[in-house]
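**Student:** The whole structure should be built from the sequences, with the hints applied where relevant.
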Amino acid sequence: MTAWLVIAVVGAVTMVFKAAGPVMVGRRDLPPRVASVVEVLAPAMLAALVVTQTVGGDRELVLDERLAGVAAGAVAVWLRAPLIAVMVVAAATAALIRLF
Amino acid sequence: MQQAARTRDGIRAALPLAAAPFLFGAAFGVLALDAGLNWLQAVLMSATTFAGSAQFAAATILDDGGGAAAAIVAALLLNARYVPLSIAVAPIFPGSRKRRFLESQLIVDESWALAGRSGRFEYGILIGVGLFLYGLWVGGTALGTVVGDLLDPEAIGLDAAFPALFLALLAPYLRSSRAVMTAVAAAVITLVLLPVAPPGVPIVAASLAALIGLRR
Numbered sequence: 007m008t009a010w011l012v013i014a015v016v017g018a019v020t021m022v023f024k025a026a027g028p029v030m031v032g033r034r035d036l037p038p039r040v041a042s043v044v045e046v047l048a049p050a051m052l053a054a055l056v057v058t059q060t061v062g063g064d065r066e067l068v069l070d071e072r073l074a075g076v077a078a079g080a081v082a083v084w085l086r087a088p089l090i091a092v093m094v095v096a097a098a099t100a101a102l103i104r105l106f
Numbered sequence: 044m045q046q047a048a049r050t051r052d053g054i055r056a057a058l059p060l061a062a063a064p065f066l067f068g069a070a071f072g073v074l075a076l077d078a079g080l081n082w083l084q085a086v087l088m089s090a091t092t093f094a095g096s097a098q099f100a101a102a103t104i105l106d107d108g109g110g111a112a113a114a115i116v117a118a119l120l121l122n123a124r125y126v127p128l129s130i131a132v133a134p135i136f137p138g139s140r141k142r143r144f145l146e147s148q149l150i151v152d153e154s155w156a157l158a159g160r161s162g163r164f165e166y167g168i169l170i171g172v173g174l175f176l177y178g179l180w181v182g183g184t185a186l187g188t189v190v191g192d193l194l195d196p197e198a199i200g201l202d203a204a205f206p207a208l209f210l211a212l213l214a215p216y217l218r219s220s221r222a223v224m225t226a227v228a229a230a231v232i233t234l235v236l237l238p239v240a241p242p243g244v245p246i247v248a249a250s251l252a253a254l255i256g257l258r259r
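Just so you know, the sequences run in chain order A and B.
Per the numbering used here, the very first residue in the first sequence carries number 7; after that it's consecutive.
Per the numbering used here, the very first residue in the second sequence carries number 44; after that it's consecutive.
Since the hints were made in silico from the structure, they are not lab data.
Here the structure is a predicted model, which means the values were calculated and not measured.
Even glycine gets a Cβ: it sits at the ideal position worked out from N, Cα and C.
Keep in mind that a hint or two might mislead.
Stated by the list, open to error - Label-pair restraints from in silico Cβ distances: (1) 70(A) - 221(B): 29 to 35 Å; (2) 41(A) - 107(B): 42 to 48 Å; (3) 11(A) - 51(B): 16 to 22 Å; (4) 113(B) - 106(A): 34 to 40 Å; (5) 163(B) - 88(A): 18 to 24 Å; (6) 41(A) - 217(B): 15 to 21 Å; (7) 66(A) - 251(B): 19 to 25 Å; (8) 52(B) - 7(A): 42 to 48 Å; (9) 18(A) - 107(B): 29 to 35 Å; (10) 65(A) - 48(B): 28 to 34 Å; (11) 66(A) - 195(B): 20 to 26 Å.
**Tutor:** This is how it looks when you write it as C-alpha cells:
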C-alpha cells in the first residue's frame with residue numbers, strides 16, 4: 007500500500023511539474039521582463055546541475071573522484087572537444103582514480 | 044520531415060549516453076525490490092516519474108523504513124527543478140494542450156540540456172533524446188528487477204560523465220556577461236545551500252539567479 011501511494015503521488019505531481027511550462031506558459035509571447043529572466047534560466051539551471059552532481063551529497067559537500075573527473079572534463083571543454091570526448095575523459099578519469 | 048531529421052539527430056547525440064540510463068535503471072530496479080516494491084511497481088514508477096534522482100531517493104527512504112510521507116516529500120523536492128526547466132523550454136512545444144502535456148513528460152535533465160546545445164532549444168532533439176532515454180530507463184528498470192545489477196555505473200565513472208556533460212552544454216551560453224553572472228550566482232547559491240538544505244532545494248533556489256536577467 008505504501009509503495010502504491012508513493013508511486014501514485016510522486017508520479018502525478020512530477021507530471022504536473024514537467025508540464026508546467028509547456029501547458030501553462032505554452033507558446034504565448036512573454037512580457038519582455040519575464041522573457042529576459044527566462045532567457046538566462048538555462049545557464050542558471052545548468053550551473054546548478056553541474057555543482058550538485060559534482061560535489062553534492064546528503065546535506066554535505068562531498069569532494070571525491072567526481073570532482074577530478076569533471077575537472078578533466080572541463081579541460082576537454084576548454085579545448086573545444088566534442089561532447090562525447092568530454093564525457094569519456096570525465097568518466098575515465100574518475101574510474102581510473104577509483105581503480106588505484 | 045525536417046522534424047524527423049532533428050529527432051534522429053537527437054537520438055544520435057544521446058547515443059553516447061545510452062549506457063547510463065540503462066545501468067542506472069537496472070540499479071533502480073534492484074533497489075526498488077530491496078525497498079519492498081514488486082517488479083510491476085518498479086517499472087510503473089520509472090514509466091510515470093521518469094526522473095532518476097527522485098526515484099532513488101524515494102526507494103532509499105522506503106528501504107530504510109522512512110515511510111511514505113518522507114519518501115514523497117524527498118522525491119518531490121528533487122523534482123521541483125522541473126518547474127523552472129520546463130518553463131525555460133516551454134515555447135518549443137507545438138500543438139494542443141493535451142499533446143504538450145504528454146510530450147513534456149519527456150523532459151529530463153539530459154534531454155533538456157542536449158536540446159539546448161546550440162544555444163537555443165530544439166524540439167526535435169528534446170523529443171528524440173527523451174524517447175530514447177525513456178525506453179532505456181524503463182527497460183533497464185525491468186531488466187534490473189529480473190537479473191539484478193548489471194554493472195556498477197560508478198565503477199566506469201558515469202557519475203562524473205553527467206556533470207561534465209552539463210558543463211560542456213553550459214559553455215556555449217557563456218558568451219554574454221549576463222549569462223556568466225547568472226551561472227556564477229546559481230553555482231554559488233547551490234554550493235552554499237547544499238550542506239544545509241534538503242536535497243533538491245539548492246537547484247530550485249538557484250533558479251532565482253535568473254532574476255539577474257532583469258538588469259539592463
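**Student:** Hint by hint, say whether it matches the structure.
**Tutor:** Quick rundown of the hints versus the structure:
no.	hint	result
1	70(A) - 221(B): 29 to 35 Å	holds, 33 Å
2	41(A) - 107(B): 42 to 48 Å	holds, 44 Å
3	11(A) - 51(B): 16 to 22 Å	violated, 40 Å
4	113(B) - 106(A): 34 to 40 Å	holds, 38 Å
5	163(B) - 88(A): 18 to 24 Å	holds, 20 Å
6	41(A) - 217(B): 15 to 21 Å	holds, 20 Å
7	66(A) - 251(B): 19 to 25 Å	holds, 22 Å
8	52(B) - 7(A): 42 to 48 Å	holds, 45 Å
9	18(A) - 107(B): 29 to 35 Å	violated, 24 Å
10	65(A) - 48(B): 28 to 34 Å	violated, 45 Å
11	66(A) - 195(B): 20 to 26 Å	holds, 22 Å
Hint check: violations occur at hints 3, 9, 10; the rest are consistent with the structure.
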